[in-house]
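Each residue of the sequence shown is one higher than the last, beginning at 360 in my numbering.
Calculated from the structure, these hints are not laboratory results.
Glycine included, each C-beta is placed from N, C-alpha and C at the ideal position.
There may be inaccurate statements among the hints.
Unchecked claim - What follows is a set of in silico ranges between Cβ atoms, one per label pair, in the way DEER data are often shown:
(1) GLU390 x GLY574: 23 to 31 Å
(2) VAL507 x GLU436: 39 to 47 Å
(3) ASN524 x LEU420: 19 to 27 Å
(4) SER382 x THR584: 52 to 60 Å
(5) GLU432 x GLU391: 48 to 56 Å
(6) GLU383 x ARG517: 20 to 28 Å
(7) HIS463 x GLN513: 39 to 47 Å
(8) GLU432 x ARG460: 37 to 45 Å
(9) ASP433 x GLY557: 28 to 36 Å
(10) SER441 x ALA483: 19 to 27 Å
(11) GLN410 x TYR521: 42 to 50 Å
(12) PRO561 x ASP459: 43 to 51 Å
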Amino acid sequence: MAARAGVSLATVSRVLNHTAPVSERTRLRVEEAVHALGYQHQNVGRRQPIQAIALLIPDILNPYFAEIVRGAEDETEHEGLSLVLFNTTEDPEREEQALDRLLHMALEGAVLFGSRVPSKRLVAFQQEGQLPVVVINRRVESPNVACVLVDSEQATYRATRYLINMGHSRIAHLAGPSGSASAAARQQGIRRALADAGLSLPDAWCVPSFPDIEGGFQAMSSLLTTGAEVP
């Protein structure tokens, strides 16, 4: 039925069970497939789809994300919903698998934090699943994907200015992963603050790191063992 209508199984479920809104065009395509195949929908004895929000985070062991999970649990419970949690471990392939699984679940929406898959994949996921999607701390150019952004450049600019105003001038930066838009914005903020004060950030003092405790430890160890003068 899903193949005939050209939609996902999750979309068919939403139309048949009236669990989430879909476009009029999509609803008509599913209903046409139902009639063409002679399908008789039976509600008796079937479990109703769960009323839940999916939350994808990159590292459940990171205390920062643990706090986010707790906040999400408090809010979903307050709204009478369940929380479906996926730990992607900063792995794009694992995140892809999670998105595929979500398409087969009748959910109320999905929140993605620290997503590593291409933006076009997130747009396609939202279109196929026909559910509200919120992406945290990443910009996705689509009117159907909501984005909650942190001004990382301004945040690190202000933090660096604070250190400068305290009298510090030799300031290093343990950066995030290479290729991360947020990490690039943070580094830009630090360099801008230093430049405004007539200072600079030597390349040897800017060390990429994986965003967890071990990554920070390795980055600092690397900084201390370069042999160069460090702050």
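Now for the hints, and whether the structure bears them out:
For GLU390 and GLY574, the hinted distance range of 23 to 31 Å is not satisfied, since their beta carbons lie about 51 Å from each other. Between VAL507 and GLU436, the C-beta spacing of about 21 Å breaks the proposed range 39 to 47 Å. Hint check: ASN524 to LEU420, Cβ distance near 35 Å, so the stated range 19 to 27 Å is violated. The hinted range of 52 to 60 Å is satisfied by SER382 and THR584, whose Cβ atoms lie roughly 58 Å apart.
Against the hinted window of 48 to 56 Å, the Cβ-Cβ separation of GLU432 and GLU391 comes to about 40 Å, which falls outside the hint. In this structure the supplied range 20 to 28 Å is violated for GLU383 paired with ARG517, their Cβ-Cβ distance being about 48 Å. For the pair HIS463 and GLN513, the supplied restraint of 39 to 47 Å holds, since their beta-carbon distance comes to about 40 Å. Between GLU432 and ARG460 the beta carbons are some 20 Å apart, a value that contradicts the proposed interval 37 to 45 Å.
Roughly 46 Å separates the CB atoms of ASP433 and GLY557, a value that falls outside the hinted 28 to 36 Å. The given range of 19 to 27 Å is respected by SER441 and ALA483, whose C-beta atoms sit roughly 26 Å from each other. A C-beta distance of roughly 45 Å is found between GLN410 and TYR521, which places it inside the suggested range of 42 to 50 Å. Taking 43 to 51 Å as the suggested C-beta distance range, the pair PRO561 and ASP459 conforms, at roughly 44 Å.
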